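Turn these sequences into a full structure, and let the hints guide you.
Protein sequence lines, in the order shown, are assigned to chains A and B. For the first sequence, the working numbering gives the first residue as 1, with consecutive numbering after it. For the second sequence, the working numbering gives the first residue as 1, with consecutive numbering after it.
Simulated from the structure, these hints should not be mistaken for lab results. If you're wondering where the values come from, they're calculated on a predicted model, not measured in any experiment. Hints are supplied without guarantee of correctness; some may be wrong.
What the hints assert, rightly or not - Restricting the straight-line Cα-Cα distance to at most 20 angstroms, the calculated cross-link-like pairs of lysine to aspartate or glutamate (EDC-like) are:
| hint | chain 1 | residue 1 | chain 2 | residue 2 |
| --- | --- | --- | --- | --- |
| 1 | A | LYS82 | A | ASP94 |
| 2 | B | LYS117 | A | ASP454 |
| 3 | A | LYS72 | A | GLU56 |
| 4 | A | LYS82 | B | ASP124 |
| 5 | A | LYS72 | B | ASP30 |
| 6 | A | LYS82 | B | GLU128 |
| 7 | A | LYS453 | B | GLU121 |
| 8 | A | LYS72 | A | GLU83 |
Claimed, not checked - A few chain A residues facing chain B, derived, Cβ under 10 angstroms:
| hint | residue |
| --- | --- |
| 9 | ASN80 |
| 10 | THR143 |
| 11 | GLN184 |
| 12 | ALA187 |
| 13 | LEU371 |
| 14 | GLY377 |
| 15 | VAL419 |
For every residue, glycine included, the Cβ atom is placed at its ideal position computed from N, Cα and C.
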Amino acid sequence: MRYALTWVTLLCMLAPAAPCAEEAGRDEVPVTRLKLQPAPEPVPALKYRLLPGVLEMEPGNAATLYNWAVAKITGGQNGNTKELLELLEMPIEDLTIARVRAARAPHGRGPLFRLLERAGRREDCDWDLELSVGPALDLPSITDQRKLATIAVLTARMEIVWGNCEEAVQMLQTPLAMARHMAQGAALIHGLVGMQVARLALDRVEDLAQAPGSPNLYWALTALPRPLIDMRDPVETERHMFDLWLPDLRDPESSRLGPEGWREMIEQFPSLGGGSGPLRRKLTPSLVALWMYTDAKNHLIERGRDPDQVEAMPVFQMVAIYVMDGWNRVMDDQFKWFYVPYAEGEEVIAEAQASFTETLDQKNDILPAMLMPALYGTYSQMAGLDRQVAALRCIEAVRLYAALHDGELPASLSEIKEVPVPLNPMTGESFQYEVVGETATLSAPLGPHERAKDGIRYELTIAK
Amino acid sequence: MSDQYDDREMIDLENALSSLSPAPSGIDRDGLMFQAGQSSARRRGRIWPLGAAALAGAAIVLGAALVARPAPTVTERVVYVPIERPRTPPYVSAARGAGTGGPEQAPVMDYFALRAKVLAEGLDALPEPQTSRRPREPESLEDLAPGIRWPYRSSIFQRNRSTGQPGGTT
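Rendered as structure tokens:
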């Protein structure tokens, strides 16, 4: 039985472990080459903002307007998300209106963008997810929202192409606000989409840094909230997904479900009761109960329950208590690291992830072995986004330095005295900066759970 | 001969009857009525008087107890009544709605599976949005408003399935 659990655990951990398989390509961090336009600090310093200001915010639910915007683009007359993302990934000098039209991408500040602008200025965003349905949770428009955000970023990028840099900065507020809305009170996937949208919008700051006449965005970036996308809500939702789905499992010891009720409850556990037919659905809970019965009984007695009470307890309730104790123990052991600042916990977290499968040595670890999300990737993505903001602040600081020093690159980041140069929030140390000839390299080491394509490596030159 | 015999017997009977004289009546009507009333009154017994007396006594005793009883003391007691908690509805896969399986189809880990896929493969694992799918063009007015009985059927409003042009099916 012990070996069986190990095999089940290993098989079930394949999906979460998949990102680790990419470690072979970790060294190939893509290089982003920027020809920076020197730009001094704007006056007043906070003239440009990358998120709507407090005075612009209005009460109301942004999700309603986002869904309205989805209805506006329904019908297939717009390009698909992949085509839109390709337009964002191509070098800005290759981006033409003809290409945008060929991809059937909406552009310009039309009714759709104005609607998204209104949504981005709403104080609340409630996606009204039906979390009580558990695995049947439907994310009705998440992919459409991702597409909308992509359209908003592309619209801002087209303004940069046309030389309207100040307009573009103002337009970037909309996708960034949308990215933050995505992660409000939603599921993990919403948060992941929000982080991707934020990255796409921040990539436009790279475009702006190369555009003649574009303003310096050092203070606009500095004024962004940290973390830019707060994954606390989605992570909390994931942590309590089971409790929201099956409320009787919040406190199975006090629940008044009868023996049949507990049996039906366990039938709903996807990993325990799930199966390909009614016979298996009926049999599996019984087999699991039989397999766990002795351990569950001993577990409850060890916890201080009266042995007579334990004997009188419905078997499936006993199993449910045992399984949920395992679930809560493992989940808390994994989720607790999310609340540690990344720079403080990076090594410990890496160790915890590596030893995750080894810690699953009890029968009641079967549920987390099946359903534990790969949280560390999310954790490093959230930190990576803040690192992207910090790196862009470094670049804007270099632009500012160049504007004040006849277009020269600083020999080192410590030479920049006009504004504070940020540290890498993932390590708490300075970014790596090196000047060779007329090119400076700005980079950061990859985090333990980071994919190479998410790494930071810029080659900076100053436009003459 | 027999007639003679009968007549003689009848004459004898007549003579015997005529010799009888009526005796005076021994029944006293008033006495009889008095005895009947007396008998009916005697049948009631003492049940009702005794019952009435008992109830009167009880009423007096209870009245006295009511007046003399001590002030009632109020005791609050919390009573737990078990209520059947509404059961979580059995999980029904969203995929079933698409007609991919019958009611006996096993649960599918839709959300958990999608989450694992997205975490492993990235957001490109998300399905293509609905907004990118072209809607099916209506073939006729019936397609636009199914269920409505149109007053007439005209080939003008029916798309030719082979050519895609209006003009009815050929």
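Right, here's what the structure says about each hint:
1. LYS82(A) <-> ASP94(A): holds (17 angstroms)
2. LYS117(B) <-> ASP454(A): Satisfied, since the Cα-Cα distance of roughly 18 angstroms is no more than 20 angstroms.
3. LYS72(A) <-> GLU56(A): violated (24 angstroms)
4. LYS82(A) <-> ASP124(B): holds (8 angstroms)
5. LYS72(A) <-> ASP30(B): violated (114 angstroms)
6. LYS82(A) <-> GLU128(B): holds (9 angstroms)
7. LYS453(A) <-> GLU121(B): holds (13 angstroms)
8. LYS72(A) <-> GLU83(A): Between LYS72(A) and GLU83(A) the Cα gap is close to 19 angstroms, so the pair holds against 20 angstroms.
9. ASN80: Cβ of ASN80(A) sits 4 angstroms from chain B, so the hint holds.
10. THR143: holds (4 angstroms)
11. GLN184: It is violated, given that the least Cβ distance between GLN184(A) and chain B is near 18 angstroms, above 10 angstroms.
12. ALA187: Holds, about 7 angstroms.
13. LEU371: holds (6 angstroms)
14. GLY377: With Cβ-Cβ at 6 angstroms, under 10 angstroms, it holds.
15. VAL419: violated (34 angstroms)
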